[in-house]
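**Q** Once you've looked at the hints, dock chain B against the given chain A.
Quick mapping for you: the protein sequence lines, in order, are chains A and B.
Mapped onto my numbering, the consecutive letters of the first sequence carry residue numbers 1 to 880.
Mapped onto my numbering, the consecutive letters of the second sequence carry residue numbers 881 to 994.
Any given hint could be a false lead.
Result set (DSS-like, lysine-lysine): computed pairs, CA atoms no more than 30 Å apart in a straight line [as the list claims (entries may be wrong)]:
hint: 1; chain 1: B; residue 1: 905; chain 2: A; residue 2: 36
hint: 2; chain 1: B; residue 1: 905; chain 2: A; residue 2: 19
hint: 3; chain 1: A; residue 1: 19; chain 2: B; residue 2: 959
To be clear, the hints were calculated from the coordinates, so they are not data collected in a lab.
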Amino acid sequence: MIVEFSTWLRYLLFRKSPKELDDEVQFHLEQSIAAKMIAGIPEPEARRQALIEFGSVDATREECAQQRPGWWAGILAQDFRYALRGIRRNPAFSLAVVLTLMLGIGSSAAVFTVVDKILFRPLPYSDDGRLVSVGLVAPIEPQEFMLGGSYYEWQDNQKPFVAMTSETGVEPCDLTEVNAIRLDCAGVESNFLPTLGVTPVVGRNFLPSEDRPNAPKVALISYALWRTRFARDPSIAGKMIRIDGVATEIVGVLPQDFEMPRLQTADVLLPESLDVAAQRRADPGRPMWAFARLKPGVTAEQAKAQLEPLFQYSLRLAPAPFRKEVHYTVRPLRDRQFHDVHRAAWILLGLVMAVLLIACANVASLLTARRAGRQHETAVRAALGASRSRLLQAAILESFVLSAFGALAAVFWAEALLHLFVAIAPGGMPFLSTARIDARVLAFTLSIGLLSAPGFGLVSGLGRAPANALTSRGGLGMRRAGLRQLLVTTQIAASLVLLAAGALLTRSFWNLQRQALGINDENVVTATISLGQTAYPTPERQMAFFEQLQRNLRWGPGVNAVALSDSLPPGGSHHDQIYASLRVEGQPRYTSGTGGNVAWRWVTPEYFRTLNIPLIAGSGFTDDELASANRFVVLSRSLAERMFPGQDPLGRQVHLASGAPIAQDPPYTVAGVAADVKNGGLAAGDEPEYYRLRRNRPEDWDQWAVVLVKSGLPAATMERWMREQVAVLDPALPIEQGTLHERIAKLADQPRFEMLLVGYFACTGLVLAVIGLYGVTSFLMVQRKPEVGIRMALGASKGNIVRMVLASAMRMVLPGTVAGLTLALGLSQTWSSVLFKVGPHDAATFLGATTLLIAVTVIASLIPAIAATRVDPMTTLRVD
Amino acid sequence: MATPTDLLQGTLDLLILQTLVLEPKHGWGIAQRIQQVSGDVLQVGQGSLYPALYRLEYKGWIQSEWGNSESNRRAKFYKLTAAGKKQLAAERATWDRLSAAIGLVLGKTEEAPS
Numbered sequence: 001m002i003v004e005f006s007t008w009l010r011y012l013l014f015r016k017s018p019k020e021l022d023d024e025v026q027f028h029l030e031q032s033i034a035a036k037m038i039a040g041i042p043e044p045e046a047r048r049q050a051l052i053e054f055g056s057v058d059a060t061r062e063e064c065a066q067q068r069p070g071w072w073a074g075i076l077a078q079d080f081r082y083a084l085r086g087i088r089r090n091p092a093f094s095l096a097v098v099l100t101l102m103l104g105i106g107s108s109a110a111v112f113t114v115v116d117k118i119l120f121r122p123l124p125y126s127d128d129g130r131l132v133s134v135g136l137v138a139p140i141e142p143q144e145f146m147l148g149g150s151y152y153e154w155q156d157n158q159k160p161f162v163a164m165t166s167e168t169g170v171e172p173c174d175l176t177e178v179n180a181i182r183l184d185c186a187g188v189e190s191n192f193l194p195t196l197g198v199t200p201v202v203g204r205n206f207l208p209s210e211d212r213p214n215a216p217k218v219a220l221i222s223y224a225l226w227r228t229r230f231a232r233d234p235s236i237a238g239k240m241i242r243i244d245g246v247a248t249e250i251v252g253v254l255p256q257d258f259e260m261p262r263l264q265t266a267d268v269l270l271p272e273s274l275d276v277a278a279q280r281r282a283d284p285g286r287p288m289w290a291f292a293r294l295k296p297g298v299t300a301e302q303a304k305a306q307l308e309p310l311f312q313y314s315l316r317l318a319p320a321p322f323r324k325e326v327h328y329t330v331r332p333l334r335d336r337q338f339h340d341v342h343r344a345a346w347i348l349l350g351l352v353m354a355v356l357l358i359a360c361a362n363v364a365s366l367l368t369a370r371r372a373g374r375q376h377e378t379a380v381r382a383a384l385g386a387s388r389s390r391l392l393q394a395a396i397l398e399s400f401v402l403s404a405f406g407a408l409a410a411v412f413w414a415e416a417l418l419h420l421f422v423a424i425a426p427g428g429m430p431f432l433s434t435a436r437i438d439a440r441v442l443a444f445t446l447s448i449g450l451l452s453a454p455g456f457g458l459v460s461g462l463g464r465a466p467a468n469a470l471t472s473r474g475g476l477g478m479r480r481a482g483l484r485q486l487l488v489t490t491q492i493a494a495s496l497v498l499l500a501a502g503a504l505l506t507r508s509f510w511n512l513q514r515q516a517l518g519i520n521d522e523n524v525v526t527a528t529i530s531l532g533q534t535a536y537p538t539p540e541r542q543m544a545f546f547e548q549l550q551r552n553l554r555w556g557p558g559v560n561a562v563a564l565s566d567s568l569p570p571g572g573s574h575h576d577q578i579y580a581s582l583r584v585e586g587q588p589r590y591t592s593g594t595g596g597n598v599a600w601r602w603v604t605p606e607y608f609r610t611l612n613i614p615l616i617a618g619s620g621f622t623d624d625e626l627a628s629a630n631r632f633v634v635l636s637r638s639l640a641e642r643m644f645p646g647q648d649p650l651g652r653q654v655h656l657a658s659g660a661p662i663a664q665d666p667p668y669t670v671a672g673v674a675a676d677v678k679n680g681g682l683a684a685g686d687e688p689e690y691y692r693l694r695r696n697r698p699e700d701w702d703q704w705a706v707v708l709v710k711s712g713l714p715a716a717t718m719e720r721w722m723r724e725q726v727a728v729l730d731p732a733l734p735i736e737q738g739t740l741h742e743r744i745a746k747l748a749d750q751p752r753f754e755m756l757l758v759g760y761f762a763c764t765g766l767v768l769a770v771i772g773l774y775g776v777t778s779f780l781m782v783q784r785k786p787e788v789g790i791r792m793a794l795g796a797s798k799g800n801i802v803r804m805v806l807a808s809a810m811r812m813v814l815p816g817t818v819a820g821l822t823l824a825l826g827l828s829q830t831w832s833s834v835l836f837k838v839g840p841h842d843a844a845t846f847l848g849a850t851t852l853l854i855a856v857t858v859i860a861s862l863i864p865a866i867a868a869t870r871v872d873p874m875t876t877l878r879v880d
Numbered sequence: 881m882a883t884p885t886d887l888l889q890g891t892l893d894l895l896i897l898q899t900l901v902l903e904p905k906h907g908w909g910i911a912q913r914i915q916q917v918s919g920d921v922l923q924v925g926q927g928s929l930y931p932a933l934y935r936l937e938y939k940g941w942i943q944s945e946w947g948n949s950e951s952n953r954r955a956k957f958y959k960l961t962a963a964g965k966k967q968l969a970a971e972r973a974t975w976d977r978l979s980a981a982i983g984l985v986l987g988k989t990e991e992a993p994s
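So that you can see chain A by itself, here it is in the shape it has in the complex (with noise of 0.2 Å):
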């Protein structure tokens, strides 16, 4: 063996020299040739005779040359070299092939890593196809929630579910210890992991018992908590560790990749810890999720229609005002963690896949054509004697070489897809930032493109190169090139629809970007701020911290206003209430349904005059107000428009908890009113307002609260400015800092993020489609170079020639254009959901997405027009 890989290798290596076959070959014919004049033939014939014996002595040689190893290698790279020139010869051609498989193979396999996330992800729950979320929905939630008051009525008669189980949220916490730390805690209930199929990698689940009011603490802890915090300790079960400040014993640690079903993040599971006899009782009860394990053979729907009875029971429980708008929907798991996303990415696998199949059809035109164009020198091959099987792998290895600088082209092109996708993100995308091309969609991008390549080289070589290709025009088929220009036809239909998307979304965005938002967030920098359970148990304790840091905060350098809120605008993150129960003082209560919604902030004095928000009447909040025992509210222009029409709302109360008892629902007085703020969100509609004061009372404190500073420094500045005043007063405190056009500017991101998507997929579409026609107008060009040189010698301007390309090419684009603008106008009306101030059917922009196409279909049937000016008539008739 060894001896002979070693021969092998030598002579892989050396070659050996052509002369020794020659000498052996003549010495061979002279022994011949002996042979014969001894047996008595005369010297010339005995020479003839030897050598039509002995044959071509050029087969012989070529056939020994074919023994040698690695011969094949040296074949293949004769054609490697020979497919590089080609490509090398051809740099518009090789170009447009490379640039169709990158974006085609590119963008699939970018959006294949982002869809296999959301969609394919598997849960880390066992058996995770069973799991559904249930609950109820209600138009102040859109995503499913339960209530402590139905949930236990459900769980004892539900017959869909093999168990049911709830979380009630996530809530931060503080480990207070050395070295304390802020963490997310989430209450579940005792059921919760058993339900989920998830168990303790190091001690065990709660006990129902210990999931009581009072019950000794105990508590599970993350992995990741496990290992910075306690160094992976594997007696960890049993350690006492103190939650704020109360001892509690950690029971288990949950697995590596636990997560919580509503993708919360959570570093310690407490037990609910619900009083389930008052909770029953209870009207709503405790706001909480709920989940549930489908018994084997139980669809999501079957469950819901099982589980009408229990819904009916809990409408009844709902204020009167909520019946007609509650409903309940039971859901796969999967489907509630990524609620909107999940259509959204089938429409996208669809779009892409739709893309990658264009570009694979572009790629065989483009090999066509080139192929059309090359028929001469083919046969000229053919007739130097290259075998047929020859002529096909020069034809495949071309174009594998040309896909293969396209997948390579492909993965650097995702790759790059890729970051983009995740930097221009909304933070609601789960999971985008974790997504990494993997092994699995590099792969997929490979193989397409590698696989592809025998395809179109088949494709482009099959083709038999006829025999009178080297004295007459080719025969490819006309009817083929038939089938290509329906295709191109269709792809400009299409781009042309996604470029009447892109500019609708453009054009949409542009407008979210410019609109009033009834404030002024120049020089505002915000922080937010929540105080840990331990250091302010009491309101006392969290007023005095808010206080001391406005009045730190007031005096300093260059501060033109300082507010406190719990909120801001336009981002939606505010209290809610329904209008109907607000009430005028001595007027009845609204009674026709809820009357939709009102949202609501606590504020200080100067909060409108941080934000420059105008009062339109009365003087607002001010230091009177702020000392005083009455409670004061400032009502916007469309709220006080509302409850108090055409009359002056100034000085009158009203009360804001109408329906509760007559203790919880103290009278205000109406101190101002506050031009309309955009509240809801960018694009959505805006709420009715009012703002209630946080006087100088516990009352009116909690642990949260939003600092707003307005000041002439730089934002960086006052940003360390304000950090250094937390840290005077409690330098433990986290603080979350930005400045408010920055968290506006965040509130843009996901219809920043649709409009570049699509208008990737535009750019994408419109591309391939150039690149398409180009490939079908060259092959045209190729097929009529006869006729053209027939006009040309004829007297044919080369202005006649090109518009002649020119309407070849039109033929195709404009049938595509028609049609594309129909299917659009008539899609358009969908989109109108996510479009802002621009109409559905725009005419400015559907006019100058169509002109965009032809302007560029123009440029790209220009390019074989201008070649085929180039055909001198004498060659072409010649060759005729």
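**A** Only chain B this time, still in chain A's reference frame:
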């Protein structure tokens, strides 16, 4: 790829290796020797002899050396290597098995018709 050519090629290899067992020979000598020994039944076409020699040499089973022929003319002599001897033994065994098997089959079919 079990085409008849393969079988012929393999057979030619076997014949060449066998011919070289006794002494090194040049191409002409090998062809003559095969012809003689087979009683003129097997005629080795030069068109396949030289490619076969090259192939065997590339595989390391034979080695070539320039020397002087009987007529004192420079000629290329081929000599069996150790690896070639092993290969010859293996190919002989295969051949024996094959021909025995074919013989069995043919023997049976001869009996069948009568």
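**Q** Run every hint past the structure and note whether it holds.
**A** These are the hints, each one checked on the structure:
At most 30 Å may separate the alpha-carbon atoms for a hinted pair to count; residue 905/B and residue 36/A meet this at roughly 20 Å. Using a Cα cut-off of 30 Å, the hinted pair residue 905/B and residue 19/A holds, with the two alpha carbons roughly 20 Å apart. About 20 Å separates the Cα atoms of residue 19/A and residue 959/B, which keeps this hinted pair within 30 Å; it holds.
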